[in-house]
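A.B. asks: Just need the whole structure built from these sequences, with the hints factored in.
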Amino acid sequence: MGPTLRKALDGDAMLDQPFSDHFRVGRLQDRIEPCGAAESCDCTVVGGAKRLGDCGASLLTIANERMVHLTLLSQPAIGLRGEAFALGPQGRDGTLMNLSFGFYLREAVATFSLTERDFAPADLAMELLYLQEAKSLVMQELRALTQRLDGARKQAETQALTDPLTALANRRAMEAALEQASAGAAQGGAPFTLIQIDLDYFKSVNDTLGHAAGDYVLLDVARILHEEMRAGDLAGRMGGDEFLLLLRGAMTPEQVMHLGDRIIARLQEPKWHEGRECLVSGSLGVVMSLDYQPPETERMLVDADTATYAAKNAGRGCCVLYRDLEMPKT
Amino acid sequence: MLGLVNRSIQNFLTDTFGERIWYAVACKAGVSPEGFEPMLSYEDALTDRLLDVACETLDRRLFDFLEDLGTYLSTREPVRRLLRYGGRDYVDFLRSLNELQGRTQLALEDLKLPELTLRGLGVGRYTLSVIGAPPGWGAVFAGVLRAMADDYGALVLIELNEHTEDGPAGEAIAVQLLDSFHASGRSFDLSDAAGAEM
Chain A
1 MGPTLRKALD GDAMLDQPFS DHFRVGRLQD RIEPCGAAES CDCTVVGGAK RLGDCGASLL
61 TIANERMVHL TLLSQPAIGL RGEAFALGPQ GRDGTLMNLS FGFYLREAVA TFSLTERDFA
121 PADLAMELLY LQEAKSLVMQ ELRALTQRLD GARKQAETQA LTDPLTALAN RRAMEAALEQ
181 ASAGAAQGGA PFTLIQIDLD YFKSVNDTLG HAAGDYVLLD VARILHEEMR AGDLAGRMGG
241 DEFLLLLRGA MTPEQVMHLG DRIIARLQEP KWHEGRECLV SGSLGVVMSL DYQPPETERM
301 LVDADTATYA AKNAGRGCCV LYRDLEMPKT
Chain B
1001 MLGLVNRSIQ NFLTDTFGER IWYAVACKAG VSPEGFEPML SYEDALTDRL LDVACETLDR
1061 RLFDFLEDLG TYLSTREPVR RLLRYGGRDY VDFLRSLNEL QGRTQLALED LKLPELTLRG
1121 LGVGRYTLSV IGAPPGWGAV FAGVLRAMAD DYGALVLIEL NEHTEDGPAG EAIAVQLLDS
1181 FHASGRSFDL SDAAGAEM
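Residue numbers (our numbering), protein chains in the order written: chain A, 1 to 330; chain B, 1001 to 1198.
Rather than coming from a laboratory, the hints here were simulated on the basis of the structure.
Here the structure is a predicted model, which is why all the values come from computation and not from measurement.
It is possible that some hints are incorrect.
[As the list claims (entries may be wrong)] DMTMM-like mimics (lysine to aspartate or glutamate), calculated; alpha carbons at most 25 Å apart, straight line:
(1) B:K1028 / A:E179
(2) A:K135 / B:E1077
(3) B:K1112 / A:E296
(4) B:K1028 / A:E227
(5) A:K154 / B:E1043
(6) B:K1112 / A:E133
(7) A:K271 / A:E227
(8) B:K1112 / A:D233
(9) A:K154 / B:D1044
(10) B:K1028 / A:D233
(11) B:K1028 / A:E133
(12) B:K1028 / A:E296
(13) A:K154 / B:E1077
[To be verified] From the structure, some residues in chain B lie toward chain A, with a derived Cβ separation under 7 Å:
(14) E1037
(15) M1039
(16) L1040
(17) R1081
(18) G1102
(19) L1106
Glycine is no exception: its CB is placed at the ideal position from the N, C-alpha and C atoms.
C.D. replies: As structure tokens, this is what we get:
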């Protein structure tokens, strides 16, 4: 028995004991097959009684295998692998095995407190341990890097889809959401409603009270729209003083008009910036996906715009359904 | 589940069925179109959802899909090379599967491959038991065994038993080796620079 195995297994006490008391041929999970060479098996007779297949195979038969696996019965989580050679004719003089810990190396080193001295200088075990440890460190670093990059990418994505002033969705985000909603509705998914909002009198607030007041109004409008949205709805700023609401799910025209009136009422609530009143209102244009077969984003946006202009022409501060505009024509 | 597994499914979908299918699957499964980072961990439920949506989209049985995934993976050159470390011929390769879980653990601790155990059943007949969660690894390895038989030039019959006595997580693959050297097989040289063509 070599010095490393001796150290690992209290070898002095093991000498002269039957092989099968300490080792099992095969891995732990391998099923023990009855010993193929039962008659000639050198481990089948223990204490005068036949113990068929205790070792899984006779020591002579494993000498014919290209590779042998052993499990340590005292440490079943650790296996050994290597080569077996029969000594003498028919293995009469015993079996010589050259073993290594294979991929159990790290566990074995920890379990048996092995050191550099326990491996032959020609053995690559130390290189393998070194490589494994270094690799784990590198992997840790790479994983942390991946996490940082992933976080940064998600943040950049969010920024690319958000209006920096109001934190509402920006035009790009709204168009993407709209494409998705249209595609869904075209395939028989949930219908949706679009409300375009043009602020009234915003330009005069900006011109007379300054940009700070204008920004203040835009922020307040964003807050109102945000509060009026249900889960699943999306509010976006399309640019300047133009906003768009995407309302998912079926709604009746009455429900939409009711919501529109409520939004207008809230937009008209007095807003005070540095002691000066900012008066705005909103002209709303509404299109509903159910009026389109199939719903096309571009067409719906054009129609919403038309309805919004109709609302402006009708005296501002009102909500117009595109469907009602078309009525007289049909 | 390690992102590497999800990423494999993503690459399989993209390479085999095209980007449009991947986008459709990703969209329905609630995954961003960029997909997965191989070294990050994701919830197991996400992998299940991804597979469900992929099978629904392609109108395939889960186990058929997974078997094709196994074949796809073992025909990627870097993976094929790692599998060819198994040995000189197909029988060596089959035996080396006993070590696959341990070996991958050395390389990637977070990749939980199933436990593979090969049993000989007499001349040229083997059964590979595959125990691991979630179910379906057996199908993946059936695909791997098929592809590697081609790679080694061996003629084999492979049959997957989805349910075995090893419990709900256990699957078994019956392998019948008809001819180890049926065709010439593809070449493999240990010294071919690993990682040169990732």
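A.B. asks: Now tell me if each hint is right for this structure.
C.D. replies: Against the structure, the hints:
With a CA separation close to 15 Å, the supplied pair K1028 (chain B) and E179 (chain A) stays within the 25 Å bound. With a C-alpha separation of about 22 Å, the suggested pair K135 (chain A) and E1077 (chain B) falls inside the 25 Å cut-off, and the hint holds. Between K1112 (chain B) and E296 (chain A) the alpha-carbon distance is near 47 Å, which puts this suggested pair outside the 25 Å criterion. A distance of roughly 29 Å separates the Cα atoms of K1028 (chain B) and E227 (chain A); the hinted pair therefore is violated under the 25 Å criterion.
The hinted pair formed by K154 (chain A) and E1043 (chain B) meets the criterion: a straight-line CA distance of about 18 Å does not exceed 25 Å. For the hint linking K1112 (chain B) to E133 (chain A), the alpha-carbon distance of about 19 Å falls within 25 Å, and the restraint holds. Between K271 (chain A) and E227 (chain A) the CA atoms are separated by roughly 16 Å; this keeps the pair inside 25 Å, and the hint holds. For the hint linking K1112 (chain B) to D233 (chain A), the alpha-carbon distance of about 40 Å lies beyond 25 Å, and the restraint is violated.
At roughly 21 Å between alpha-carbon atoms, K154 (chain A) and D1044 (chain B) fall within 25 Å of each other, so this suggested pair holds. Of the supplied pair hints, the one linking K1028 (chain B) and D233 (chain A) holds, its CA atoms being roughly 19 Å apart against a limit of 25 Å. Proposed proximity of K1028 (chain B) and E133 (chain A) is contradicted: the alpha carbons are some 40 Å apart, above 25 Å. Under the criterion of a C-alpha separation no larger than 25 Å, the hint pairing K1028 (chain B) with E296 (chain A) is consistent with the structure, at around 21 Å.
Restraint check: the Cα-Cα separation between K154 (chain A) and E1077 (chain B) comes to about 32 Å, which exceeds 25 Å; the hinted pair is violated. The beta carbon of E1037 (chain B) is positioned within 7 Å of a beta carbon in chain A (closest approach about 5 Å), and the interface hint is therefore held. The restraint placing M1039 (chain B) at the interface with chain A holds, with a minimum CB-CB distance near 5 Å, inside the 7 Å limit. Interface restraint check: L1040 (chain B) against chain A, minimum CB-CB distance 6 Å, threshold 7 Å, status holds.
Taking 7 Å as the C-beta cut-off, the interface hint given for R1081 (chain B) is violated, the closest approach to chain A being about 18 Å. Checking G1102 (chain B) against chain A by beta carbon gives a least distance of about 4 Å; that is within 7 Å, so the hint holds. Hint status for L1106 (chain B) relative to chain A: holds, with the closest Cβ pair at about 5 Å, below 7 Å.
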